[in-house]
Amino acid sequence: MSGPAGVGIGWRPEIAGFVAGLPGLRFVEVVAEGVHPVGPLPDGLAELRERGVTVVPHGVRLSLGGAEPVDPGRVAHLAAVATALAAPLVSEHIAFVRAGGLEAGHLLPLPRSREAVAAVVANVRRAQAQLPVPLALEPIAALFDWPDDELDEADFLTEILDATGALLLLDVANVHANARNRGGDAAALLDRLPLERVAYVHVAGGAEAGGFYHDTHTDPVPAEVLDLVRHLCDRRRPPALLLERDGHYPPAAELRGELDALAAASGHPVVT
Amino acid sequence: MSGDLAARQAELVAALVAGGPLPPGFAPAPVEAARRALRRKRAAEVARHWPLLAAGLGADWPAVFTDWAHGRPTVGSLRDGWDLARALRDRGTLPPLGADELAGREAASRYDGRAAPRPRRLPAFARAGGAVAVQLAGRVRLVRPAPR
Chain A
1 MSGPAGVGIG
11 WRPEIAGFVA
21 GLPGLRFVEV
31 VAEGVHPVGP
41 LPDGLAELRE
51 RGVTVVPHGV
61 RLSLGGAEPV
71 DPGRVAHLAA
81 VATALAAPLV
91 SEHIAFVRAG
101 GLEAGHLLPL
111 PRSREAVAAV
121 VANVRRAQAQ
131 LPVPLALEPI
141 AALFDWPDDE
151 LDEADFLTEI
161 LDATGALLLL
171 DVANVHANAR
181 NRGGDAAALL
191 DRLPLERVAY
201 VHVAGGAEAG
211 GFYHDTHTDP
221 VPAEVLDLVR
231 HLCDRRRPPA
241 LLLERDGHYP
251 PAAELRGELD
261 ALAAASGHPV
271 VT
Chain B
273 MSGDLAARQA
283 ELVAALVAGG
293 PLPPGFAPAP
303 VEAARRALRR
313 KRAAEVARHW
323 PLLAAGLGAD
333 WPAVFTDWAH
343 GRPTVGSLRD
353 GWDLARALRD
363 RGTLPPLGAD
373 ELAGREAASR
383 YDGRAAPRPR
393 RLPAFARAGG
403 AVAVQLAGRV
413 RLVRPAPR
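For the protein sequence lines, the chains are A and B, in the order given.
Its first residue numbered 1, the first sequence is counted upward by one per residue in the numbering used here.
Its first residue numbered 273, the second sequence is counted upward by one per residue in the numbering used here.
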């Protein structure tokens, strides 16, 4: 199956009907942990596959950045979902989600240290050895930094990608959030990343609260994030961009408007 | 500060979700913001698994959940909501919608509070806060809603 192309949207059961009604849609992403690889696919998803829409499994619980070896059972699940969906690639995060027997409940940042690079590289290689398709890695949004960063974000990511040969899933909203909350220049970071390795791009909404920008996925995409999309596409237009929405789903017209804005900012065809 | 990434990751997670101390060197305000964000996310996920419980508590849901979840790491959204619903039942503060939902879940599955709930194979009935639910061949019916 072909790789991600054009403007896509994160498939969620709550908006399956909306997604199924997008005439120009060529790719979606599905949260891998929510799919059972054995047995029938969720209704809307099977339909999309029949239409030839590319479905990329997106893992959120592998904890590739954990100091312990990645759980082979979790990788096997991701691999089985990729096979069931005939996916051209899978994606996961440069993050950890559990440690010391406790689940954090969400993606946590790694220190940008040599030790952390080594840990994540080892886990990515373990995962790659078990996966039937290429893996794209997504840098996350975080509200805080570790006290002992040795590398800056661009060097940290580039070292991991170089050592593993992994593709990049670039989340422009995360880049915006990190610059806003942790300092740094979002556009300058984009300029330093290996954009030729971008498999696709995430775009999502967020909101200011308590002095921080929160990458909520439940609010509209802010103008600053769309500006970053334009900046990125001026530098090198990624093959695909995907809107992530994870709750507080707006009326269909509003969601279509967000997809259209993404098409306009990137120069990809409208899918609505 | 380098070395032993595993131990340092464990300290950080404990600080974020289990009431552990802030590990040395971290800026308190951003970590506190992250702790709150994780708690909001957890509350939203539990609400998705227990929609009637959350709806029954309405505007009080975030505060009730936060109060219960303090220093109590997640055991998964299904069990988190189940444990919370039982705690509210025992205190007599389970809202009627939550009682209906809990009775249905208790009739459908056996949950010992320690391991994942298991579907009941035999017919069963369950009560919670005045609600009564029966389960027959895997189908659950609320035979008496909790008094409103």
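Be aware that one or more of the hints could be misleading.
Simulated coverage check for chain B against chain A, where a stretch passes if three residues somewhere in it have a Cβ under 8 Å from a Cβ of chain A [as the list claims (entries may be wrong)]:
#, region
1, 305–317
2, 358–370
To give an idea of the interface, some chain B residues facing chain A are shown, with a C-beta separation under 10 Å as derived from the structure [unchecked claim]:
#, residue
3, 279
4, 281
5, 285
6, 324
7, 393
8, 398
It should be emphasised that the hints constitute simulated quantities derived from the structure, not laboratory data.
The C-beta atom is built at its ideal place from N, Cα and C for all residues, glycine as well.
Query raised in the report: Going through the earlier hints one by one, which of them does the structure break, listed in rising order?
Result: 2, 6, 7, 8
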